[in-house]
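Engineer: Chains L and P are the protein sequences, given in the same order.
Here the numbering used here is used: the first residue of the first sequence is 1221, the next is one more, and so on.
Here the numbering used here is used: the first residue of the second sequence is 1221, the next is one more, and so on.
Since the hints were made in silico from the structure, they are not lab data.
We put the beta carbon where it would ideally sit given N, CA and C, even for glycine.
It is possible that some hints are incorrect.
Unchecked claim - Derived CB-CB ranges, DEER-like:
id, chain 1, residue 1, chain 2, residue 2, range
1, L, L1317, P, G1347, 35 to 45 Å
2, P, M1394, L, A1466, 58 to 68 Å
3, P, G1446, L, A1466, 32 to 42 Å
4, L, P1344, P, P1263, 25 to 35 Å
5, L, D1276, P, P1344, 24 to 34 Å
Said to hold, decoys possible - Footprint (simulated), chain L over chain P, 3 or more residues, beta carbon under 8 Å:
id, stretch
6, 1486-1494
7, 1529-1542
2 protein chains.
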Amino acid sequence: MRCIGIDWGSSSRRAYALDEHGRLLAQRADHAGVLNKAATASPRDFGAELADFIGDWLQQGPRHIWLSGMVGSRTGWHEAPYLTLPCALGTLGAQALTLAWPAGLQWTATPPTVRLLPGLCQRPPQGTADVMRGEETQLLGAWHLHQAQHASEGGGVFLMPGTHSKWVRLCPVMGRVLSFRTFMTGELYELLSRQGALGGVIQGASIDIDDEIALRAFDEGLRWAGEDSGLAALFRVRAQGLLSAAPAAQARVEAAARLSGLLIGGEMACVASDEGQGLLRAIGEPGLCVWYARAASHFGLQLQIVNPVDCYLAALQALENLAP
Amino acid sequence: MRCIGIDWGSSSRRAYALDEHGRLLAQRADHAGVLNKAATASPRDFGAELADFIGDWLQQGPRHIWLSGMVGSRTGWHEAPYLTLPCALGTLGAQALTLAWPAGLQWTATPPTVRLLPGLCQRPPQGTADVMRGEETQLLGAWHLHQAQHASEGGGVFLMPGTHSKWVRLCPVMGRVLSFRTFMTGELYELLSRQGALGGVIQGASIDIDDEIALRAFDEGLRWAGEDSGLAALFRVRAQGLLSAAPAAQARVEAAARLSGLLIGGEMACVASDEGQGLLRAIGEPGLCVWYARAASHFGLQLQIVNPVDCYLAALQALENLAP
């Protein structure tokens, strides 16, 4: 085994093991995220949590364990710095922190080096204040992957939808991150659809990309996002629901889809003018990316969906100096 | 006693008793709002709740009890209709529903008439879908009051800040409500400052209009609202907090004030272009209105603060055909 990579975020963690050629040997995931306190004892013992998670893999003698994501935040295992933009992704590995091998863990004669990857930040006056942790590693992989496949096409705009959706502008030369912006789309959807005035009309309804009713309502939300600032339009989701003559179950689905369209459309409306006609690449969960693709098309943008696991594996290959 | 008016909202209720000349005899308030389920038994007995609240006043023989607000919603005592815009406020009283006198309550030989006031709604294609319950009664009072004081000046734009902030355009002739829009400003502030990514940096900090640090950060939030759609700027509150070198307690206050400035500024940015140089009147809690006044001034608008109790009492006078 060459290395192990763990994408250790707020709500979950995903581990991948690569062989000497950079090929995937094994993968696993669980919900022991950094903010998922219920899953663990207090105070946290991240070394023990690591052993619980991938202890069996350690017996195969990996050289490195790469950690990225919220595990490097103030509330994580150890605080890793934020590298300030503009920042070449090729330097991420060299700027990782080496963590002390957890006391009491001895699985091999030579324990692997535990390397904690830094995050990125954008500071005024170069840009608006913004931070990321974890996405930079996916981006390193996306750049590595696309550069290898298409020579000069490793740059452009990358969208990483999720709890905190990131839009990142990347220069193909050296994989320099030029700027990025974060939208709290996923978090807002979760907060607003479960409580308060909109929670009252949505009542936990979920939406399905194959449901014509949801699609029509999603498109309506996209139109609202184009007409109005998102904050101004949120209450329309409730008002339209209260004034609707639709059966209750349908009204709930419509409200959920309008909220989703409004929030995702809000991202698109903000970036559509900046990003022009260029190709966007979305790195994310396919079930979420299809909604973004629909929204992109509504705003005249073209969106290509990239598999996030492929990106993460390519990042590990890049960190290990292996060709993709 | 001429009448009793109860502004019975989601989280609280406020009662006022007027004499034959429209003068205030007594007032009281509690937290038994329509959505405050903890306060009451299930299923709700609104008649009994009314008796608990103002039973002693009934012995003074009021002719009418006027109810407004969420008590007239689907989850309230009885569902009152929404009157569709444009709607003359002078017709509100005539369109109130008369509720049956609650069984088992006999406080006077002639029980008062219980009158449930309608809400207002705006329906596409005349405008974006929107609804209000309770604010229409305050507006009736504001119109009545200003018309009496300044003849033709009863119209213009009224702002009613709160959980769901309303901006209402009123024609002075007949007090016709021409259009309105709702911003979920207060609700968003509550949701976002107590949980999730922004709750993590705000940690329950409160802000004070006399605190220079809070004012500077509030103004920064206003600038963000002017630069960016509100949804795009929310995460800046977190990022700026994480990147700040300020002491922890100060960073929390700054984050709270930036979020407040961003949300209130978001309202102002949306309406500033529509409302031009006209005078705005804000009907609301003075401690909240001062922040709106600061935001209005930032966006080149002039805001006059109107006392909400004066408006409500003027509404009762109007409903009883008494001169203010």
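Engineer: Against the earlier hints, flag every one the structure doesn't satisfy and list their numbers going up.
Structural biologist: Of the numbered hints given earlier, those the structure breaks are 1, 2, 4, 5, 7, listed in rising order.
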